[in-house]
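When you get a sec, could you build the whole thing from the sequences and use the hints?
2 protein chains.
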Amino acid sequence: MDSPRRRRDHRDIGTMGEDALVRRVTRDLPTTAHVLTRAGEDDCAVVRRGRQLVLLKTDAMVADIHFTMETAAARVGWKALCRGLSDLASSGGGLTSEALLTLAMPPETPLAWVDGFYRGLRKAARQFHCAVVGGETTSMPRGAPIVISVALSGEVSAKRLTLRSGGHAGDVLCVTGVLGGSLRGWHLDFTPRIAEAQWLTQAAKPSAMMDVSDGLAKDLPRLADASGCDFALTPETLPRRRGCDTTAALTDGEDYELLIALSPRRFARAVATWPFSRVPLTCIGRLTPLGSGRPLPKGGWDHFAL
Amino acid sequence: MDSPRRRRDHRDIGTMGEDALVRRVTRDLPTTAHVLTRAGEDDCAVVRRGRQLVLLKTDAMVADIHFTMETAAARVGWKALCRGLSDLASSGGGLTSEALLTLAMPPETPLAWVDGFYRGLRKAARQFHCAVVGGETTSMPRGAPIVISVALSGEVSAKRLTLRSGGHAGDVLCVTGVLGGSLRGWHLDFTPRIAEAQWLTQAAKPSAMMDVSDGLAKDLPRLADASGCDFALTPETLPRRRGCDTTAALTDGEDYELLIALSPRRFARAVATWPFSRVPLTCIGRLTPLGSGRPLPKGGWDHFAL
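Residue numbers (this note's numbering), protein chains in the order written: chain Z, 1 to 306; chain C, 1 to 306.
Note that these hints are calculated values from the structure, not bench results.
Hints should not be assumed to be uniformly reliable.
For chains that are exact copies, the list does not tell them apart, and a pair is met inside one copy or across any two.
To be verified - Here are the simulated SDA-like cross-link-like pairs (lysine to any residue), alpha carbons at most 20 Å apart as the crow flies: (1) 218 x 115; (2) 159 x 50; (3) 159 x 244; (4) 123 x 22; (5) 159 x 51; (6) 123 x 26; (7) 123 x 34.
Rendered as structure tokens:
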């Protein structure tokens, strides 16, 4: 098992981009007949379990990278669960789910931090009907940063399952809520858009949906790629958080809003009957036929997409 | 959300035992009507998904604690998946499963290590029909140890589901394989006892089953406690790995063998028809009525149980 099958690569992972590393490690991963979609291809993996469909998703956070020890621990616990719930929501699920938690901590971690973390996690779990069925704590060497990993399993009905890949040229693109400026607080306190996604999958039947977590400039191309489309964005219509310009709305990230593609007729009906008065639903552009290009906002798309 | 509900505890987690910490954080965790058993109560959590039952389990490994960077990375990848598969097996499942992987690594991690880790993981996944449906890699600060977390979801039929809690006084206790000395290599290369557990749940209907991962001295009391029994052990019949004494067989841990309780009649039938010539099935004692005590092996039980 130990003999390398290919020439040994003497680089370390810090010298290659994260995308290249992910492509390298996810190739040839074993699959089974139960697997309809893998997590790398969409917000969640989709697995058939008897007659049921199940969404699976894991998400990790590391201290000093994704949060700091100055952040109130309860907000970290809330966020740790809600990030994955946002992915379940955007796939059409999230009404009920189960979470498995791994919490790796160095011995100097204050007990008060652990108590606070679990307080926030429990609050989110109760609010969104998520059962925390396993909570492993494991030791790290002194000085190591806290690592949090949350794995979620959730039901989704075949009728509501909505992938990134279902979009069609001509579909209206829209987003929930407002974009940008998330680091001012929303990224720790956001509400996963479960209710909105459930309403949409029932009343408006989106052709494609995903959550905006890396910023629209990165996530919209992913939805378009998966759907085999290009797109035209109308940057002046982007719903922006107060004080944010277009660049911030496109690139700040951690918005945890829904990006939706749906037919013009369905969009019109959705807007007319949209019941969430505090969460706007805003048209931001269109999916266009592949080959029609992705016209740049002022300042250049590549600059935004990084 | 940030205001503490109880008096702030100024200890850090290094000053309290792991068991006390786990008890503290797992109390009051939200649950739902779908959850039949939580992971803390058994090897796996058991969740109802429509008409299906699903096993959920997460398991973490940290460099310099659970493995060293001198260990061949492919063996670490093999073990990372097989530990959880051993838990699915001992609950009566593991025939097909899905894995979600979180791999948190510092930038100086050699790419060759990552390649090797995934090679071992893929080999185990193929051999045991496990689909790796999500593989997240995330950055750690320089100098931090690698953290691996694997979450598993697997089918189990209601007929085969076997918990720790089903044992009865009078049941024969037996184990598969041999115990002790795992650190000489078995702990990295072991075969999860999926085939044996499938045979047992089909042909012998154990009343209780679990995997021996922390050593029999810790795990047998857990099965007895869950079943509301005491037990009598016959230390002289313990199947030991070559060169191991009774203490080693009881306490070394990482055996990844099955501990089984079943009626004497079923045990007799199981032994008579046991088809695995390379894996012994050995009687090691009995479950006894609660109150009859847990007679100490020579040297004292508390010493073993630590």
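Evaluation of the provided hints:
1. 218 x 115: neither (35 Å within a copy, 27 Å between copies)
2. 159 x 50: Intra 16 Å, inter 15 Å, cutoff 20 Å: intra and inter.
3. 159 x 244: neither (37 Å within a copy, 58 Å between copies)
4. 123 x 22: between (33 Å within a copy, 19 Å between copies)
5. 159 x 51: Intra 13 Å, inter 18 Å, cutoff 20 Å: intra and inter.
6. 123 x 26: Between copies only: 14 Å across, 34 Å inside.
7. 123 x 34: Classified as between; 19 Å across copies, 33 Å inside a copy.
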